[in-house]
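Could you build the full structure based on these sequences and the hints that come with them?
Number of protein chains: 2
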Amino acid sequence: MSTQTADHTDIRATNLAAVLGHLRREAPCSRAAIAAGTGLNKATVTSIVGDLLERRLVRETQQTQNHVGRPATLLVLDGSAYATIGLEVGARGLTALGCDAAGEQILRWHRAGPGVDAGPAKTIAAVVALARRAITTVQSSGRQVLGITVGVPGLVNRDGAVVLAAGLGWTDVPLRAELAAALGRPDIPVTVDNDASLGVLAEHLYGPYAGTANLVQLTGDTGVGAGIIADGRPLAGHLGYVGEIGHLRLVPDGPACGCGRRGCLEALASLPAILEQVDGSIDDDPQHQLETLIRRADADDAAVAKVLAEAGTHLGHGIAALVNILNPEVVLLGGAYALLAGHLAPAIDKALREASIAPDAGGCTVTASTFPHTATPLGATAHALTPLTRGRLPARS
Amino acid sequence: MSTQTADHTDIRATNLAAVLGHLRREAPCSRAAIAAGTGLNKATVTSIVGDLLERRLVRETQQTQNHVGRPATLLVLDGSAYATIGLEVGARGLTALGCDAAGEQILRWHRAGPGVDAGPAKTIAAVVALARRAITTVQSSGRQVLGITVGVPGLVNRDGAVVLAAGLGWTDVPLRAELAAALGRPDIPVTVDNDASLGVLAEHLYGPYAGTANLVQLTGDTGVGAGIIADGRPLAGHLGYVGEIGHLRLVPDGPACGCGRRGCLEALASLPAILEQVDGSIDDDPQHQLETLIRRADADDAAVAKVLAEAGTHLGHGIAALVNILNPEVVLLGGAYALLAGHLAPAIDKALREASIAPDAGGCTVTASTFPHTATPLGATAHALTPLTRGRLPARS
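Residue numbers (the numbering used here), protein chains in the order written: chain A, 1 to 397; chain B, 1 to 397.
Hints were generated in silico from the structure; no laboratory data involved.
Honestly, I wouldn't trust all of these hints.
Covered by chain A, according to a simulated footprint, are these stretches of chain B (three or more residues, beta-carbon under 8 Å) [as the list claims (entries may be wrong)]:
#	stretch
1	31 to 41
2	180 to 189
3	235 to 242
4	323 to 337
5	359 to 373
Positions of the beta carbon are idealized from the N, C-alpha and C atoms, including for glycine.
Okay, structure coming up:
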C-alpha cells in the first residue's frame, strides 16, 4: 500500500505545481480560472488553494475580474513569508545572498578567502559560519528558511559531492553531506551544484534574456565552465557533469592545464590564465589584480589588448563548440568575462563566426551578463526553491 | 474570443496527451484509473476516451482488474488503424520505412541513388515517387497515413528547409515546402529533420538503451553528426541546428573539410574520409567499398587497422567534447560506425577517457547502434507521430 500512498502524494504535488505555475503566469486569477486553466476539478483546486493560503504562499485580493458574471475573489502569489539562501564558493572568496520566495533580495554579503589553498575543511567551516549568520538574519526578518544551495566551480554529482574542482584543488569532497552535518539544521535542506549551472538559472529567471529557451552562461573566474539552459530547461546530464567546456583541447601541446592535460581552453583563457599572461603570476589579491587589468585594458594598454584578443579568440573557438552542439540563442559572458566583455567581444565574435558551421553562428548573440558578481548565489536562491515549485509544500512553521 | 478558443483547444490537447501517456505506461487500465493517475475529472476522461474509441486509437478489453470491487472495462492502446512513413536521404541512396502507430513495421524499401551530385531537384522527385508508393501501400493495407518525416544529413531549420548539407552539396533548399507541393496531399503533413536527430529518436524508443535519459547517437556516413537526447527529451536548440560535432576543429591546419575549414572531425574520421584514406578515393559504389573495408578490417589488414585506429582516436576526442558538455550515459555508434565498431572502439575509448574531465568519462558507455541501416527512417516514423502524442487527433478518415 505504500506505493499507492507515494503515488497519491506525487499526484498532489504535480497538481500543486500546476496551480502554482498557473498563478505565476496568470495571477491575479480566480479558483475557477485555475480549474479551467489546469484541467483540475474545482474541489481539488479549492483544497490546494486552502493549503497555499494556510502557508501564506498565496493571498486573496479584493479585485474583481473585468468580465460579465458574478465577481470572484482573486488570488495572487505571496513569497514574503519564506526565503532561501544562496552561497558561492569561489577562488576570490565566499558570497551569500538571501531572497524571499518572490525573488526579492534580503541580504548580500561577500567574504574574502579562505584562499584556494585553504583546503575543504577550512572552506566548509567558513561556509557554515556564513550560512548560520544568514539564517539568523532571515529568520529575524520573520521569514522561514526553505533551503540553502551552494555553488562550487567543479564537477558536482547528484549527491552534492564535489568530485573534482581543479581550481580549488579539491577531489571527492562530500560537500553537501558535510555542510548539512556541520550546520545541524535538519529542517533546512542543503543542496550543492555547479557554479555555472546555478549562474545560468539566475539569468534565465531574472536577467534581460529571462525565458530564453536556449541560453548559455560562460564563466572563467576559477576554471572555465558553461551553465546551460536547453529547450527551456537546465541541462543536468547523466551524473550532473555538464558544461565542462574548459577542457576542450584547442591547442595540441599547448600550455599545461590544472587538469594535467595541455592546451585546454581553461589553460588559455580563464581569468587566472589571462592574469598570468599579463603579469607573469597570480597575486595574493586577484580581485585587485583584475581591477588593474581592467584599468589597463580601458586605457588601451597594448600588451593587455594583445592578451585579451588572444583569449577572446580561444573563447570564440570554445563557444563555437557550444554553438555547433547546442545551438543557443544567447551566450552570456559571466563573472570577470562580463567586466572584460568590451575587450573580449570582437575577437570572440570573429572566431565564433569562423568556427560555427551554421550561418551567422546559428543566430547566436554573445553579450555580457548583467550579474557579474552575483549570478551564482542568485541562481542558488532560485534553485533552493525547486521543491516548492515542484509542489512540495514547506513544513508548517 | 479566438484566444479563448485556442486556449480550450490547447487544454483539450494537453489532457488528451496526458490520457495517451497514461495508457502508454499503464495499459490495460480503467477510465477511473486514468482519472486518478492524471488528476483529470472522470467526465473529461470519459469524453476523451470516447474520441479515442471513435478513432480506433484505443479499444476496450473484457479483462477485469485483479482487485476487490466492481469489475471495470479496461482500455488498451491500438495503433493498427494508423501508420506513418519515414524516409532518409543519404549519400548512399533513399530508404523508406512504414510503421503503424504502435511501431510495427509495415514496409521497408531501399533505393540506390540519386547520387550525391544529382542536385536537390532530382532527389526531391525520387523522394516524392518513393513516398507516393509508400502511401499507396499503407492505404491498401487499410491504414490511414498520419504523416511523413524525411531525414537529411545537414542543418535543417524549423520550417524544414535544408540550410546546409555539405555532404549532399545542398545550400538553402526549402525541402519540406517543395516535397509537400510535389506530393500534393494536404491531408498528410510532411516534416523534415536532421538525420542524426531522427536516428537517436529510434534508439530512444526502440533500441536496447530505450528510455536512457541522456543518449547520443553519432553517425558519419555522409558528414559526422550527433543526435542528442538530453534529460529525456530530444534536443533541438534555437533554430534546430544541434549536434554538429563534425566541424569541431581537432587538428589546426589539418586536412581540408567540405565546409571550407581545416582539421574538422568530419575531414578526419567520417566514412568518406576513412574510405579515401584507405583507397585513395571514393568509388561510384561506396556501399561495396564499405563492405570491402569491413572485410579487410576483419582480416586484420594492417593498413586498414592503422586508418581505423587513427579515426577512432579522432572520434574519441569528438565524443569527449560531447561528454564534457552534455554528460551522456550512452553514446551509440550509428550507420557505418556501427558496422566498424569493433575496430574503432579501442581507440575511441582510450582517447575519450584521456580527454574527458569527469572520472571514467562521466559514466559514459560507447557502443554500437543496433539499427545501423534504419535508425533515421525508423526515428522518422516515430517523429511523424508527434502531433498525436501531443494530443492532436487525426482527422476522421
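Non-conforming hints, listed in increasing numerical order | Violated hint (a single one): 2; every other hint is consistent with the structure.
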